[in-house]
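*Asks:* First residue of the sequence shown: 1, per our numbering; consecutive thereafter.
Please note: incorrect hints may appear among the correct ones.
No farther apart than 30 Å at their CA atoms in a straight line, the calculated lysine-lysine pairs in the DSBU-like style are these [what the hints assert, rightly or not]:
{"no.": "1", "residue 1": "92", "residue 2": "300"}
{"no.": "2", "residue 1": "311", "residue 2": "136"}
{"no.": "3", "residue 1": "136", "residue 2": "292"}
{"no.": "4", "residue 1": "176", "residue 2": "60"}
None of these hints come from the bench; they were simulated from the model. Bear in mind that the values here come from a model prediction, so they are computed numbers and not experimental data.
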Amino acid sequence: MTDRVLVTGISGFIAKHVAYELLVRGFKVRGTVRSPDKADAVHATLAAAGAPVERLEFVKADLTSDDGWQEAAADCRYVQHMAAPFPLQQPKGREDLVPAARDGVLRVLKAAGQAERVVLTSSIVTMLYPTDWRGKRLIKPEDWTDPEWRPATPYAVAKTRAERAAWDYMSSIGRKDRLVAINPGLVVGPPLDADISTSLEAVALLLRGAYPAVPPVSFVLVDVRDVAAVHVAAMTAPVGGQRLLVADETLTMSQMAQALRDAFPERARRIPVTIMPAWALRFLSLFDGTLKTVVGDLNKHPIADTQITRKLTGVTFRRGRDSMIEGAKAMVRMGLA
Numbered sequence: 001m002t003d004r005v006l007v008t009g010i011s012g013f014i015a016k017h018v019a020y021e022l023l024v025r026g027f028k029v030r031g032t033v034r035s036p037d038k039a040d041a042v043h044a045t046l047a048a049a050g051a052p053v054e055r056l057e058f059v060k061a062d063l064t065s066d067d068g069w070q071e072a073a074a075d076c077r078y079v080q081h082m083a084a085p086f087p088l089q090q091p092k093g094r095e096d097l098v099p100a101a102r103d104g105v106l107r108v109l110k111a112a113g114q115a116e117r118v119v120l121t122s123s124i125v126t127m128l129y130p131t132d133w134r135g136k137r138l139i140k141p142e143d144w145t146d147p148e149w150r151p152a153t154p155y156a157v158a159k160t161r162a163e164r165a166a167w168d169y170m171s172s173i174g175r176k177d178r179l180v181a182i183n184p185g186l187v188v189g190p191p192l193d194a195d196i197s198t199s200l201e202a203v204a205l206l207l208r209g210a211y212p213a214v215p216p217v218s219f220v221l222v223d224v225r226d227v228a229a230v231h232v233a234a235m236t237a238p239v240g241g242q243r244l245l246v247a248d249e250t251l252t253m254s255q256m257a258q259a260l261r262d263a264f265p266e267r268a269r270r271i272p273v274t275i276m277p278a279w280a281l282r283f284l285s286l287f288d289g290t291l292k293t294v295v296g297d298l299n300k301h302p303i304a305d306t307q308i309t310r311k312l313t314g315v316t317f318r319r320g321r322d323s324m325i326e327g328a329k330a331m332v333r334m335g336l337a
């Protein structure tokens, strides 16, 4: 078996960074896409970034269909399963995203039966809500979100159920040690192209002054390049069977806005730093799907325990606010914010 890596959903923000890291480190990369247009765009992006794209190939596969996954995973030593639904506007039904996320991960795991390691891109949201809480809380890898918790977003529910399904399946076939989950916080930093992520779009909303005030919520920030480095390290590091939190500092949204004001003084007047009252957020969330996604985070200040991640992978993390500003400057240059 060659050192070929399957990267599902290769057109994603994080996935393109992972593909770049893999290519420059000498791996062959096979990426899944849902359309040839996506393949052309990713190829162009990675070539422009300086990656050796002669080791890059694409296959068509969709999380909602069985077609193509066996062929996609054939002869791949490692699998990076990164494809997942993450809309800025959440659907109405709390379980609406579950089928694609859960069934998709099971399709990939069943196709990847010969892989030495499967790296699953999960999220810190699968750890954030074991119960309702307020103030500061240390988030640890053994924490699990309760998907039945009423304020949990469809995204949090889907991510939690998908990761649970992955662990249950790998345990049932005696291969739990071949799986590792990567659980990043809010992923910021420079995009490789103009196809940005939902997390960067949240920063863009601040830059545009989309709201007159910011919600009283906090985010654990992490640089996309560090997330990619952990994904790659997880293929060979002694992390089988582990959940790896990938995060740096926690900032309130007001602190994020102030950092952006300092970095973009010419935009300072439009970037809000006033804190929106919780009652106002709850009311406005009835009409605004974007605001609805943060209702469950009101007055929470999570702090990520990343000791295991740093110890087992050797990856150190950039300062979160610096990465956010670097990503914001890139979006401004691209005309995205």
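*Asks:* Now tell me if each hint is right for this structure.
*Replies:* The hints, checked one at a time:
{"no.": "1", "hint": "92 - 300", "in the structure": "holds, 24 Å"}
{"no.": "2", "hint": "311 - 136", "in the structure": "holds, 24 Å"}
{"no.": "3", "hint": "136 - 292", "in the structure": "holds, 21 Å"}
{"no.": "4", "hint": "176 - 60", "in the structure": "holds, 28 Å"}
This entry satisfies every hint, going by the numbered hints stated previously.
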